[in-house]
Amino acid sequence: MIEKAWSGNRNYWLWILFLLVLISIGIYCYSLQFEYGLGITGMSNDVSWGVYIAQFTFFVGVAASAVMLVIPYYLHDYKAFGKIVVLGEFLAVSAVLMCLLFILADMGMPMRVLYVIIHPTPNSMLFWDMLVLNGYLVLNMTCGWVALDAEKKRTAPPKWIKPLIYLSIPWAVSIHTVTAFLYAGLPSRHLWLTAILAPRFLASAFASGPALLIILILLLKKLVQFEIANEAIQKLATIVLYASIINFFFLGLEFFTAFYSNIPGHMHGLVYLYAGLQGQHALIIWMWTSLVLGLGAIVLLLIPDLKREENILLISSVAIFFSLWIDKGIGMVLGGFVPTPLETVTEYSPSAVEIFITLGIWAVGILTLTLLYKIALSVQKEAAA
Amino acid sequence: MKIYDSGKIGLGLIFFIALVTFPFWVSIGGNKQMPELKMPDSAHECVESKEFMRTNHMRLLNQWRDSVVRENNYIYVSSTGKSYVKSLTKTCLNCHSSKEEFCERCHTYASVRPYCWSCHLESE
Amino acid sequence: MNNRRNFLKKLSAISVLGASSFSLLNKFSDNTSLAAVTSSSSEKNKVRWGMVVDMRKCKDDCELCIDACHQVHNVPDFENPKDQIKWIKKAPYPNLFPSKNHQYPSENVKSKPFLTFCNHCEHPPCVRVCPTKATFKKPDGIVEMDFHRCIGCRFCMAACPYGERSFNWRDSRSAIPNIDRSYPTRQRGVVEKCNFCSERLAKNQKPACVEVCPEKVLTFGNLNDPNSEIREILKSNQASVRKPELGAKPSVFYIL
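Residue numbers (the numbering used here), protein chains in the order written: chain F, 1 to 385; chain H, 1001 to 1124; chain A, 2001 to 2256.
Please note that the accuracy of each hint is not assured.
To be verified - Derived pair list, reagent style DSS-like, types lysine-lysine, alpha-carbon separation capped at 30 Å:
#1 H:LYS1090 - A:LYS2235
#2 F:LYS307 - F:LYS235
#3 A:LYS2206 - A:LYS2086
#4 H:LYS1090 - A:LYS2086
#5 F:LYS4 - H:LYS1008
#6 A:LYS2112 - A:LYS2203
#7 H:LYS1090 - F:LYS153
Think of the hints as simulated: they come from the structure by calculation, not from any bench.
Produce the entire structure from the sequences given, and follow the hints as far as they go.
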């Protein structure tokens, strides 16, 4: 099947060339970071995780959201998702790949990465995260590929794939739960020390992932005349809508507990993010943008006539995706480092090298996605012909 | 049986084999002389036999490292019953006084780069 | 209908798998689990090194202990605050004791810079999160770093509630003013912190900071020996630890 990725029109190859250029720049910047050390980034002892770990966290969510297609299609036999369930699984594959690369980029001693396996330490959540992420990558690649292969041969998928598909469902929940556990068990990081961090992560994942999928599907419709029933897109939009509402409801719960209890430690992180603390306020503009975009999109999607409008749906999906990308991919991680354990506020902004490495990793993800989608759509087209 | 594209496959195989054997053919004709190591003037025996040390010094050093750092265990009792302080800089280099003429000569020859000296320092 | 029944069967098989891996997790988790929370289990080892910091004696502008520590451990001196590494430092009282601080602090603590370094906790959060046991607790209570093992993930820095860990953001050798050749430097990419001078303890010497202090601010000793000097001081003085509400049980005590 892989040969399907080697034939395409001029625009296809130009797009791939563009991604390869971004990846090359990323690799070059990584070599600079490797040589100098992580001091080349904007991180410091006070804000010791930055854009890499934040993006890692966000894309674990995107990966987990494949389950929002797998459950309706495989458990409830919802046929309308038949053509896009593989797109969801391949999106998960690309997202997990990015996650693993972000972790690697963040390591001070990347050549020691296998120590996590050589010296296994089950009391560390990072150990479990390594296991579930790699497992999820293999599961989704296998499930997607095998189903597609069966479609190509016009046969039913082999029986052994069913248990793997069912396994991928709790597994998807596990990757984001364990990722939340990286944060939610750390004493004295008040913004993270909340029992609803895992549910919050899942809610934002199930909103941002399907929102991204809607954007991708609408793009594919325009670019390659991808044919998909409107019903499937509308169902995705409903999933995005409910998950976003739950996400912002959870965010509201965090505000209530912090501010009604009036406990300074619980309030500080939120105050810093949305209003600034000790004169530091770099994230206010981002966080309010996130709120306005997210809530605005919810209002649009709540009106059935607007939700059916393809352009409005596209705008709302972009808004939701960007909103949650800010909320989880910037605010959540950085806010946890404020105030520092010594009650000071240090701000962080990524360096140019750090941004180009991040862009490079995105490009790897998008390249993977492009190749996998090219294969999937070609196979589907042939099967339909 | 017919092989399609046999020409391309053959070329690819040759290229692949050339690539994986690169380390071997690139050093053809190079200096094969075993390096001369400078042995200590004063001491005549190491913590273990010369043969053992030649093949196992890196494992022994790793063991020493782990037991000092992780178990607070600073004393090594050799197979002959003698006690030594587990220390690269204080025990090994006490006799092998020049790391350039002992450690590095062989490491350079074998093209290995242990990272001991990224942190540990020779005493002056 | 049949489909659904089949599915439920499979689901229950999956949840059994899940439950068993959870019990495995419990089995492996360190002694900071429920057992440790419900019983105070600190007395099983003969030695638990600890420190008393008598802030009544500490002079505001004296930094002899900091200099001594950073000299013997080859701690670099970077100008850019982003790169700085500190094993021991001074910070204002309200920053160290946020939950103890109130609107009307007494004159003797209000503006006084307090000494702070690794607390060598009995239940160290940093050890709990480390994915390679690069930071670990020794039987003598010291929370140690194994620089050969550290992968530089900085999880320990996010976990430490006291902000006592520093990362090597860049190569440090060029920034060490007087290198002490008997102690190693660190590679860029690993985390470091106070080690209670375990290399000196092995030679029956006191920690460098304790030895150099002319005012006898610092008392180092065995917390598990009821007759030790440090325990005598704790018996006769009201001492505080940083953030006791977190349950980490620091081995560093302050007399305010």
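Hints versus structure:
This hinted pair does not check out: LYS1090 of chain H and LYS2235 of chain A have alpha carbons roughly 42 Å apart, beyond 30 Å. Distance check on the hinted pair: LYS307 of chain F and LYS235 of chain F sit about 11 Å apart at the alpha-carbon level, within 30 Å; holds. For the hint linking LYS2206 of chain A to LYS2086 of chain A, the alpha-carbon distance of about 20 Å falls within 30 Å, and the restraint holds. With a C-alpha separation of about 27 Å, the suggested pairing of LYS1090 of chain H with LYS2086 of chain A holds against the 30 Å cut-off.
For the proposed pair LYS4 of chain F and LYS1008 of chain H, the alpha carbon gap of about 20 Å is at most 30 Å, so the pair holds. Annotation: proposed proximity of LYS2112 of chain A to LYS2203 of chain A is violated, straight-line Cα distance about 34 Å (limit 30 Å). Between LYS1090 of chain H and LYS153 of chain F, the direct Cα distance comes to roughly 69 Å. Violation of the 30 Å bound is thereby established for this hinted pair.
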